[in-house]
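Enquirer: Residue-level listing of the chains:
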Amino acid sequence: MPFSLVDFLQALAAGILVGSAYALMCIGLGIIFGAMRVINFAQGDFLMIGMYAAFYLATGAGLSAFFGPSVGPIVAAFLAGPIVFALGWLLHQFVVARVTGAGAAQIEGAGAYGQIITTLGISLILQNGGLIVFGSTPTGIRTPLSRQSWEIGEILLNKGRCVSFLVAVGLAIAVYLFLGHTRHGKGLRAAADNSQAALYMGIDVDKAHRIAWSLGVGITAVAGGLIAGSQSFQPYTGFDFVIVMYAGVVLGGLGSIMGAFWGGLLIGVVQQMSTLVLPYQLQNTAIFVVFLLIIFLRPQGMFGRLSERT
Amino acid sequence: MTLAPPVKRQLWAILGFAVVVLAITASLRSDYFELVLTQVLLWAVLSLAWNILCGYSGYFSFGHAGFWGLGAYTVALGLVQLNLSPWITIPLSAIVGGLAGALIGFPTFRLRGHYFALAMLAYPLATLYVFQWLGYQEIPLPMKREAPALFMQFDNPRVYVVLALGLLVMSLLISLRVENSRFGMSLLAIKQNEPAAEAAGINTWRWKMLALMLSGALAAMAGGLYAVVLLVVTPEAVFGMLVSAQALILALFGGVGSLWGPVIGAAVLVPLAEGLNAELGSVLPGIQGVVYGIAIIAIILWAPEGVYWRVRDRFAKRRPQPAAAPMPMPVPLAPRPRQATAAAGRDLLVLRDVGIAFGGLRALDGVNLTVPEGGLYGIIGPNGAGKTTLFNVINGFLAPQHGTITFGGESILGLRPNQVCRRGVGRTFQVVRAFPRMTVLENVTVGAFIGAPDDETARRMALTALDRVGLSARANALAGGLTNRELRLMELARALAPQPRLMLLDETLAGLGHDDLDGILGAIRRVRDDGVTVLIIEHTMHAMVQLVDHFDVLDHGRLIASGAPDTVVRNPEVVEAYLGKKWAQQVTEAAK
Numbered sequence: 001m002p003f004s005l006v007d008f009l010q011a012l013a014a015g016i017l018v019g020s021a022y023a024l025m026c027i028g029l030g031i032i033f034g035a036m037r038v039i040n041f042a043q044g045d046f047l048m049i050g051m052y053a054a055f056y057l058a059t060g061a062g063l064s065a066f067f068g069p070s071v072g073p074i075v076a077a078f079l080a081g082p083i084v085f086a087l088g089w090l091l092h093q094f095v096v097a098r099v100t101g102a103g104a105a106q107i108e109g110a111g112a113y114g115q116i117i118t119t120l121g122i123s124l125i126l127q128n129g130g131l132i133v134f135g136s137t138p139t140g141i142r143t144p145l146s147r148q149s150w151e152i153g154e155i156l157l158n159k160g161r162c163v164s165f166l167v168a169v170g171l172a173i174a175v176y177l178f179l180g181h182t183r184h185g186k187g188l189r190a191a192a193d194n195s196q197a198a199l200y201m202g203i204d205v206d207k208a209h210r211i212a213w214s215l216g217v218g219i220t221a222v223a224g225g226l227i228a229g230s231q232s233f234q235p236y237t238g239f240d241f242v243i244v245m246y247a248g249v250v251l252g253g254l255g256s257i258m259g260a261f262w263g264g265l266l267i268g269v270v271q272q273m274s275t276l277v278l279p280y281q282l283q284n285t286a287i288f289v290v291f292l293l294i295i296f297l298r299p300q301g302m303f304g305r306l307s308e309r310t
Numbered sequence: 001m002t003l004a005p006p007v008k009r010q011l012w013a014i015l016g017f018a019v020v021v022l023a024i025t026a027s028l029r030s031d032y033f034e035l036v037l038t039q040v041l042l043w044a045v046l047s048l049a050w051n052i053l054c055g056y057s058g059y060f061s062f063g064h065a066g067f068w069g070l071g072a073y074t075v076a077l078g079l080v081q082l083n084l085s086p087w088i089t090i091p092l093s094a095i096v097g098g099l100a101g102a103l104i105g106f107p108t109f110r111l112r113g114h115y116f117a118l119a120m121l122a123y124p125l126a127t128l129y130v131f132q133w134l135g136y137q138e139i140p141l142p143m144k145r146e147a148p149a150l151f152m153q154f155d156n157p158r159v160y161v162v163l164a165l166g167l168l169v170m171s172l173l174i175s176l177r178v179e180n181s182r183f184g185m186s187l188l189a190i191k192q193n194e195p196a197a198e199a200a201g202i203n204t205w206r207w208k209m210l211a212l213m214l215s216g217a218l219a220a221m222a223g224g225l226y227a228v229v230l231l232v233v234t235p236e237a238v239f240g241m242l243v244s245a246q247a248l249i250l251a252l253f254g255g256v257g258s259l260w261g262p263v264i265g266a267a268v269l270v271p272l273a274e275g276l277n278a279e280l281g282s283v284l285p286g287i288q289g290v291v292y293g294i295a296i297i298a299i300i301l302w303a304p305e306g307v308y309w310r311v312r313d314r315f316a317k318r319r320p321q322p323a324a325a326p327m328p329m330p331v332p333l334a335p336r337p338r339q340a341t342a343a344a345g346r347d348l349l350v351l352r353d354v355g356i357a358f359g360g361l362r363a364l365d366g367v368n369l370t371v372p373e374g375g376l377y378g379i380i381g382p383n384g385a386g387k388t389t390l391f392n393v394i395n396g397f398l399a400p401q402h403g404t405i406t407f408g409g410e411s412i413l414g415l416r417p418n419q420v421c422r423r424g425v426g427r428t429f430q431v432v433r434a435f436p437r438m439t440v441l442e443n444v445t446v447g448a449f450i451g452a453p454d455d456e457t458a459r460r461m462a463l464t465a466l467d468r469v470g471l472s473a474r475a476n477a478l479a480g481g482l483t484n485r486e487l488r489l490m491e492l493a494r495a496l497a498p499q500p501r502l503m504l505l506d507e508t509l510a511g512l513g514h515d516d517l518d519g520i521l522g523a524i525r526r527v528r529d530d531g532v533t534v535l536i537i538e539h540t541m542h543a544m545v546q547l548v549d550h551f552d553v554l555d556h557g558r559l560i561a562s563g564a565p566d567t568v569v570r571n572p573e574v575v576e577a578y579l580g581k582k583w584a585q586q587v588t589e590a591a592k
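As you go down the protein sequences, you meet chains X and H in turn.
Quick note on numbering: the numbering used here labels position 232 of the first sequence as 232, and the sequence is numbered without any gaps.
Quick note on numbering: the numbering used here labels position 379 of the second sequence as 379, and the sequence is numbered without any gaps.
Only chain X is shown next, with the shape it has when bound in the complex:
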């Protein structure tokens, strides 16, 4: 074998820690896709906005000074969620709702053409708007945790990533409980399962879509805020994660929100493990290969289901 057992375990641990943040952003995308069946090309850019929101909250707004350099960035990542939630809410209200849901039902292909253009347009606006507002210099959130590690035997666990792992898993559980046990969550799941039937049952599908969209981009933004503590970013960073997110969501099964969590986690593991056998540049190619394999072998994903009537 070209690598040792320690290397293997180290890569596995790193994969799970990185994967937890991926898993969180996949949940965000999974909620949007599950509820609205819209392919959102701008999801990565909302992630980027989340990174910058966390950055400015931690440094400019003084959260790092107030809570300390270790806790501050985590709080900032959390607060990036509501900010991007609000941004998403406005964008849905004024733009996205015009090409999705009831408004688009009569258009050929249920408005799919308009949806693609609209999310691509939003992506362009956010990226380039980001360039104007934030500048093109790569930046990052400095936190002492990202430079410290716990040691378990010979395996090093980065403290920053461990904390972000706990936060991500905690938030994922919270989302799970929200969807399963609250009125809004149940309405959202009903709209995702069969929007027509949900409409007849008196669920306001457009409102459920708005919640799904805003919640989806908000959760992805928190994931962005968490990642911002351990890597540098610039306004075009979002695109790097679009593939990660779609691969994770497809892996888990389009429409399955918990599937998206496991899919994202698996993508992180695949990405880190691939470095054991492949050159570094082909890390992302490994993701694509797994992505294509899953699509061909089990197109409904790990947790999805296929249903089609003839």
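Hints listed in this document are in silico derivations from the structure and should not be mistaken for laboratory results.
Because the structure is a prediction, the values reported are computed rather than measured.
Cβ atoms here follow ideal geometry from the backbone N, Cα and C, with glycine treated the same way.
Fair warning: there could be bad hints in the mix.
What the hints assert, rightly or not - What follows is a list of derived Cβ distance ranges for each label pair:
| hint | chain 1 | residue 1 | chain 2 | residue 2 | range |
| --- | --- | --- | --- | --- | --- |
| 1 | X | L278 | H | I174 | 35 to 45 Å |
| 2 | X | K207 | H | P107 | 37 to 47 Å |
| 3 | H | L361 | X | M201 | 21 to 31 Å |
| 4 | X | I173 | H | W205 | 55 to 65 Å |
| 5 | H | L361 | X | L177 | 32 to 42 Å |
| 6 | X | K207 | H | P271 | 50 to 60 Å |
| 7 | H | N180 | X | F3 | 53 to 63 Å |
| 8 | X | G180 | H | P382 | 34 to 44 Å |
| 9 | H | G522 | X | A197 | 29 to 39 Å |
Stated by the list, open to error - If you want the footprint, here are the derived chain H segments under chain X, 3+ residues with CB under 8 Å:
| hint | region |
| --- | --- |
| 10 | 101-107 |
| 11 | 206-219 |
Fit chain H to the known structure of chain X by using the hints.
Expert: Same frame as chain X, but now just chain H:
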């Protein structure tokens, strides 16, 4: 060859377009504008190539950068490593693109909808990293000073405009040809209802593959010429997401599924993006992207299906509707020498011990069925008895887990639905599967393709079939606006058009009122009288009793009774299946 008037009009339009482009390039006074014009034309080719697959067949591709990039690298690497001229490598890149299309399509067409679109996204991006890893980060095209023209290197940028225009005109002509042939019509049928297209005998797999290969070839040629024009190739610039996005933005903006949509998109958006870059990009980097993003969103909100369709709809409304084109009279075809007459009474369709289960549910459980040639055969059964599953097994949508099926003495097990259809099995669907944006005549013509050597014969066969079911008057109406009765008749005509030996009718009578019923029953009897064997499934008894010669009763996946209608309806097992045990006892007692 005579051309239909719309085709002639389009040919003139293409000629006019070429003249306008040449006039523009003659009047331009700056190399920069010539370069922009060249780019407009090349992006239009890419978008048109995208449109051949995605516009007509409805299979969205987020990955046309793959073909574009392969073309660009074929030209760049051919020149750098093998000293091959682009005059050779650009046509060669068409082959590369076509092969890539075949390689990609072979596994990917197992997927549909979002899965297909997302899988397509992965190919160019995976390739991008491979090219980086191979060390092809940046390939400048070397200057060939000794024989520049031989290597497609010209000082005068107008030559590139002419070359790109040539490629675009070729793509337009190919698109026009596709649009007006059974190729395009089959793709449109696939877009609107793929299972129905397959059941109507269209080899959906073949047409989709051809569309992707053609699309890949054109996109790769455009990418190749792009490399020549820009003189440098990098993986990000040719395989990147922006290229794939550009292909679909231009087409969606201009109008999907139309010849001119992609051209309109390129003519508006490419100069807009360039202009914004030049005017604003230096003042405030990023503002050009914001304005471009706002512009495409604003226009798509105004015209959700694209500019071309929006403008066309506007004009169509203003102009008085043209009087319906005079319908050519259906030409009765020479009656095919039917085996039917000779072989009447012989077994046409034989099922032996056919079974299929979905999880724990036995949808069909050891079904034995023999349908003799000629006559009207009925299968009834309550909801969930397995009737539609039975049809799906016969026409190839589902593969039975055990048992044999023969048609006309040959096994049809394992054949795809279009192959079963070609052997002479037509079918209709429980929920009518029309192609809503096509006319009634076009719907039926799609069904006639398999029985017709050329498109004109297919049209005549379609007219004949419409005449047989009594729907000739509605031939030019859009299928989307038909009544339930007309839809049923249209579907009947579509299945009848290729002159099948056996027709499978799936609850054709369901949901029809009394008056409608008579019309359909008449049409079905006429089909039978033409010598076509009809197998019909229903869950209501009364209409069937009037119609069929012979009954089989299906319940919980098993055939429980068989015989003439009046004996079957008295069978206690049948009554029990329909009405429950209590009634069955009463009937038995009454019979005593």
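Enquirer: Each hint: holds or not?
Expert: Verification of the supplied hints:
1. For L278/X and I174/H, the hinted distance range of 35 to 45 Å is satisfied, since their beta carbons lie about 40 Å from each other.
2. Between K207/X and P107/H the C-beta distance comes to about 40 Å, which sits within the given range of 37 to 47 Å.
3. Between L361/H and M201/X the Cβ separation comes to about 27 Å, which falls inside the hinted range of 21 to 31 Å.
4. Checked against the hint of 55 to 65 Å, the C-beta distance between I173/X and W205/H comes to roughly 45 Å, which is inconsistent with it.
5. Roughly 34 Å separates the CB atoms of L361/H and L177/X, a value that falls within the hinted 32 to 42 Å.
6. Distance hint check for K207/X and P271/H: the Cβ-Cβ separation is about 41 Å, which falls outside the suggested range of 50 to 60 Å.
7. Look at N180/H against F3/X: about 59 Å separates their beta carbons, and that is inside 53 to 63 Å.
8. Judged by the Cβ atoms, the range 34 to 44 Å given for G180/X and P382/H holds: they are separated by roughly 37 Å.
9. A hinted range of 29 to 39 Å for the beta carbons of G522/H and A197/X is consistent with their spacing of about 38 Å.
10. Counting residues of the region 101-107 of chain H whose CB lies closer than 8 Å to any CB of chain X gives 1, so the stated coverage by that chain is violated, three being the minimum.
11. Coverage of the region 206-219 of chain H by chain X is violated in this model, with 0 residues showing a Cβ closer than 8 Å to a Cβ of that chain against a need of three.
Hints 4, 6, 10, 11 from the list above are not met by this structure, while the remaining hints are.
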